[in-house]
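Based on the provided sequences and hints, a complete structural model is requested.
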Amino acid sequence: MNDTPRKEIMEYIDIRYDLDGRKISEAIHFLTQSMQQHGDLRIDIEPYDDYGSATVEVRLEKPRPETDTEVARRLQSEAVWQETRRRQYEQLKREFES
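In this note's numbering, the protein residues as written are 9 to 106.
Quick caveat, the hints were computed from the structure, so don't treat them as lab data. Any given hint might turn out to be false.
DEER-style ranges, computed between Cβ atoms [claimed, not checked]:
no.: 1; residue 1: I23; residue 2: E105; range: 53 to 63 Å
no.: 2; residue 1: D26; residue 2: A80; range: 34 to 44 Å
no.: 3; residue 1: Y97; residue 2: Q41; range: 32 to 42 Å
Beta carbons are placed, not taken as given, at the ideal position from N, Cα and C, and that holds for glycine.
Put into structure tokens, the structure is as follows:
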């Protein structure tokens, strides 16, 4: 499994910061502190909440490689999917060849 290519997974860091009404310097300060604590994070902006508000929130996330468990789970899922597709192919082949 060590030679299996690992996919990059975006892991959400549970930090939300409401930008609405903030000064730019406050937002920069918050983002700088977050970067110092967690490394260089990706910003995911969610422009609206469930209630139709125009509040802009920043959700931070960072990439990480898949763990061995996640790789194994993904490979197992792909194997199941391939087997399902093979069975469908065989069934369709029998139907159309007869």
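The hints, checked one at a time:
1. Against the hinted window of 53 to 63 Å, the Cβ-Cβ separation of I23 and E105 comes to about 58 Å, which satisfies the hint.
2. Between D26 and A80 the C-beta distance comes to about 39 Å, which sits within the given range of 34 to 44 Å.
3. Checked against the given bound of 32 to 42 Å, the beta carbons of Y97 and Q41, roughly 54 Å apart, lie outside it.
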